[in-house]
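There are 10 protein chains.
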Amino acid sequence: MLFHVRMDVNIPRDLPASEAAEIIAKEKAYSQALQESGKWRHIWRIAGQYANYSLFDVKDNAELHELLTGLPLFRFMKIEVTPLLRHPSSIRTDDT
Amino acid sequence: MLFHVRMDVNIPRDLPASEAAEIIAKEKAYSQALQESGKWRHIWRIAGQYANYSLFDVKDNAELHELLTGLPLFRFMKIEVTPLLRHPSSIRTDDT
Amino acid sequence: MLFHVRMDVNIPRDLPASEAAEIIAKEKAYSQALQESGKWRHIWRIAGQYANYSLFDVKDNAELHELLTGLPLFRFMKIEVTPLLRHPSSIRTDDT
Amino acid sequence: MLFHVRMDVNIPRDLPASEAAEIIAKEKAYSQALQESGKWRHIWRIAGQYANYSLFDVKDNAELHELLTGLPLFRFMKIEVTPLLRHPSSIRTDDT
Amino acid sequence: MLFHVRMDVNIPRDLPASEAAEIIAKEKAYSQALQESGKWRHIWRIAGQYANYSLFDVKDNAELHELLTGLPLFRFMKIEVTPLLRHPSSIRTDDT
Amino acid sequence: MLFHVRMDVNIPRDLPASEAAEIIAKEKAYSQALQESGKWRHIWRIAGQYANYSLFDVKDNAELHELLTGLPLFRFMKIEVTPLLRHPSSIRTDDT
Amino acid sequence: MLFHVRMDVNIPRDLPASEAAEIIAKEKAYSQALQESGKWRHIWRIAGQYANYSLFDVKDNAELHELLTGLPLFRFMKIEVTPLLRHPSSIRTDDT
Amino acid sequence: MLFHVRMDVNIPRDLPASEAAEIIAKEKAYSQALQESGKWRHIWRIAGQYANYSLFDVKDNAELHELLTGLPLFRFMKIEVTPLLRHPSSIRTDDT
Amino acid sequence: MLFHVRMDVNIPRDLPASEAAEIIAKEKAYSQALQESGKWRHIWRIAGQYANYSLFDVKDNAELHELLTGLPLFRFMKIEVTPLLRHPSSIRTDDT
Amino acid sequence: MLFHVRMDVNIPRDLPASEAAEIIAKEKAYSQALQESGKWRHIWRIAGQYANYSLFDVKDNAELHELLTGLPLFRFMKIEVTPLLRHPSSIRTDDT
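Line order of the protein sequences matches chains X, Z, D, V, F, H, B, C, G and P.
Number 78 in UniProt numbering belongs to position 78 of the first sequence; there are no gaps in the numbering.
Number 69 in UniProt numbering belongs to position 69 of the second sequence; there are no gaps in the numbering.
Number 31 in UniProt numbering belongs to position 31 of the third sequence; there are no gaps in the numbering.
Number 90 in UniProt numbering belongs to position 90 of the fourth sequence; there are no gaps in the numbering.
Number 1 in UniProt numbering belongs to position 1 of the fifth sequence; there are no gaps in the numbering.
Number 5 in UniProt numbering belongs to position 5 of the sixth sequence; there are no gaps in the numbering.
Number 32 in UniProt numbering belongs to position 32 of the seventh sequence; there are no gaps in the numbering.
Number 60 in UniProt numbering belongs to position 60 of the eighth sequence; there are no gaps in the numbering.
Number 50 in UniProt numbering belongs to position 50 of the ninth sequence; there are no gaps in the numbering.
Number 30 in UniProt numbering belongs to position 30 of the tenth sequence; there are no gaps in the numbering.
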């Protein structure tokens with residue numbers, strides 16, 4: 001089941017640089033593991049923003065919530081979720 | 001080059017049903033031809049809305065504009081465009 | 001899987017009264033059949049508004065979309081969908 | 001009498017972790033006691049958000065206010081209240 | 001139980017003047033009867049607007065909804081409802 | 001002359017509790033003195049909010065401003081003012 | 001007593017040109033008579049808009065409302081009113 | 001050339017009181033000197049707000065910017081600028 | 001003097017095609033004449049929108065207003081004006 | 001390829017003045033180098049704001065993102081990007 005997610009990141013200025021770097025590294029590993037698993041289908045950077053549009057393919061709302069709240073940067077993010085489905089004009093067989 | 005596009009469709013009530021059906025059929029053919037060409041990479045329906053999130057892969061802004069204003073439903077759409085780029089955490093080799 | 005839905009209804013003034021009455025009667029029957037089936041768990045009127053908050057329990061996003069776009073009043077509605085999940089403090093066993 | 005309530009929680013970063021944990025534990029106990037009493041009919045987590053949609057069944061506006069301002073997390077919440085009533089299409093006998 | 005209500009009126013231009021006048025006369029009678037009954041405690045005009053702020057004192061949400069949807073001008077109004085209660089600093093004995 | 005005022009209070013977390021309590025006590029006394037004088041006609045709590053709707057009856061805009069900026073909590077408030085007048089449907093003789 | 005007023009004019013396309021011209025002429029005469037009387041102190045056009053910022057000097061809210069609702073273009077206007085007072089830094093003796 | 005300016009002031013709580021008082025005194029002197037020169041034609045307090053509506057008469061956009069960024073309180077202000085011109089219905093000979 | 005202008009065009013569906021074509025042709029000639037004169041320095045299409053960002057270089061606010069309200073499409077446009085000036089980091093000698 | 005960019009700058013009060021001055025000096029050099037290269041075609045100050053409208057001419061979205069996130073003031077900026085293209089009425093040969 002597909003979900004469109006927008007994530008806006010805002011790391012507070014007073015977070016020590018080393019701590020920020022560590023969280024960002026964990027975030028990257030976390031994201032790439034989920035991409036490898038197929039659950040995080042796409043991630044694109046939005047030009048000029050510390051933000052991304054992503055596409056998740058999960059079992060249900062609960063799994064989506066678990067993945068998003070597990071993001072190492074979650075507490076510094078504003079997140080918007082939109083449920084998607086196959087578009088009747090899509091030519092893709094995997095609904096995406 | 002990738003662009004994120006949201007399209008909201010609002011067909012006026014006084015458009016004759018046959019005319020509406022014809023435009024919608026043209027829209028589908030137009031969309032599928034662009035999907036086949038690779039320029040319209042993805043199209044997803046937004047749950048509960050007559051709207052979609054789409055991903056375009058075009059040469060430049062001008063080509064994107066030409067494709068969007070060529071949509072048979074263009075005059076009944078509200079369109080929002082967001083320029084995208086490869087996310088540094090993406091594992092995809094085709095930037096998507 | 002649970003979804004929170006807000007529906008705002010706006011029936012155009014120039015819709016003939018008999019046609020409006022017929023659509024509203026169909027809407028009621030449609031809603032009650034879905035409530036009986038358990039897919040439309042709750043519907044509450046919002047005080048002072050021609051609007052409701054509803055709770056759907058469906059298999060996936062696609063089923064939700066099918067149910068919503070099948071509403072006899074769909075073309076006169078503004079709809080907002082929010083995916084929900086079991087709250088960790090909930091005492092209910094059916095996640096609702 | 002039914003009320004729809006949205007609660008968005010935002011715990012400040014500088015709140016000591018132990019203090020936060022204590023407040024969250026109290027919040028859970030407080031919520032579950034009210035659920036047991038029937039006054040807090042439903043609570044659902046919103047996917048991807050530290051937020052919930054809830055349904056309260058209270059005697060009057062004053063009781064609702066007393067319950068909400070008594071929330072251990074109240075000072076870290078943004079709260080929106082919407083008064084509800086039985087929908088004419090509802091099939092439930094307890095107005096919900 | 002007290003509710004704060006804002007009503008914005010927008011009578012369509014194509015409503016025949018005689019029909020508009022009749023509805024407005026009915027609205028005034030309806031409002032004054034409810035004021036006499038004590039259920040519509042206050043009504044104030046907002047300067048420069050075809051709008052009012054009102055205060056209702058009703059048994060519950062359902063009665064408020066019944067009174068508001070019964071307004072002769074209801075279909076030409078945008079209505080916002082806010083539930084109120086006695087303020088701890090109020091010196092009034094009737095909670096208003 | 002009547003004015004509708006909405007006040008939203010937001011006391012900063014780092015204000016010492018004793019200082020906050022003192023300001024709140026002064027606020028209550030200030031409000032009640034103005035209510036006694038007839039200048040602050042009504043004050044109602046908004047359910048679920050640290051906010052109120054109030055009605056002032058003052059000589060002119062300048063007096064309203066003086067009263068509002070004199071509020072002990074003024075520096076922690078967001079205030080919105082709307083000028084009111086007698087509604088043509090009102091049955092009250094004192095314009096309220 | 002001073003009020004700041006913003007007026008946005010939107011004359012419907014289907015209003016006959018002669019009728020529009022007549023209303024606009026009446027509006028000008030109405031405005032200039034009130035300017036002569038001193039009640040409409042200032043009127044400025046907003047660049048690029050069919051809109052103005054105005055300053056009224058009236059006895060009270062009721063008089064302001066009477067003047068604004070008497071505008072020949074009133075039914076085609078969106079109006080916003082802000083109550084003003086003498087600024088403590090003003091060097092003018094007439095409070096403006 | 002005339003400009004309409006809205007200024008909202010928000011002095012941070014942690015600014016020492018003596019420093020705030022000094023800046024406010026400078027602001028008043030700065031404003032009054034510009035009023036004397038005719039460049040700052042009007043300043044009015046907005047009722048209930050730490051804000052003002054002002055009218056500037058300057059040579060060009062650059063001069064307006066210079067005057068506004070020179071305000072002692074500039075770094076604590078939110079400023080909105082609207083370019084104005086003589087209204088065709090104005091009876092004033094000095095375009096104001 | 002420089003102004004940034006955003007124009008959003010919305011031609012009503014019931015405008016006869018020949019009339020629309022005539023207005024659009026006049027708009028183009030009008031725009032190009034002003035571009036030749038140097039008063040309309042730039043015009044760019046916004047991707048996916050029937051809208052443009054433009055830059056005007058005019059004597060004053062009044063001239064800008066005259067040029068904008070003279071647009072053949074003016075009555076079908078929503079226009080936003082922002083006054084600009086030379087940026088201190090600009091390397092251009094003509095302030096642009 | 002052209003992009004319209006709005007940048008709003010907000011330097012935190014607690015940034016040491018010398019550090020701020022150093023960043024601002026770097027920002028100016030960075031901007032002027034990009035202007036010299038032709039990639040940052042225009043930069044204009046918005047009157048009364050610590051903000052600018054800019055025009056970039058870059059190879060693609062990725063280059064735009066690289067230039068913007070490389071801004072010395074980037075972490076203190078709010079940035080909005082709009083993709084542009086040649087307007088059909090433009091008389092310029094370089095698409096601008």
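One should not assume that every hint holds.
[Said to hold, decoys possible] Listed below are the simulated DSSO-like cross-link pairs for lysine-lysine, each with C-alpha atoms no more than 27 Å apart in a straight line:
hint, chain 1, residue 1, chain 2, residue 2
1, C, K26, B, K39
2, F, K28, B, K78
3, D, K28, F, K39
4, X, K78, P, K78
5, B, K39, B, K78
6, D, K78, B, K59
7, H, K78, C, K26
8, X, K78, V, K28
9, H, K78, H, K59
10, Z, K26, X, K39
11, H, K78, C, K28
12, F, K78, B, K39
13, G, K26, G, K39
14, D, K39, X, K59
15, D, K78, G, K26
16, H, K59, B, K59
17, V, K78, H, K59
18, C, K78, G, K78
19, V, K78, C, K78
20, F, K39, F, K28
21, Z, K26, D, K39
22, P, K26, C, K78
23, D, K78, V, K78
Source of the hints: derived by calculation from the structure; they are not laboratory data.
Please read all numbers here as calculations on a predicted model, not as lab measurements.
Numbers of unmet hints, in rising order: 1, 3, 6, 10, 12, 15, 17 and 21
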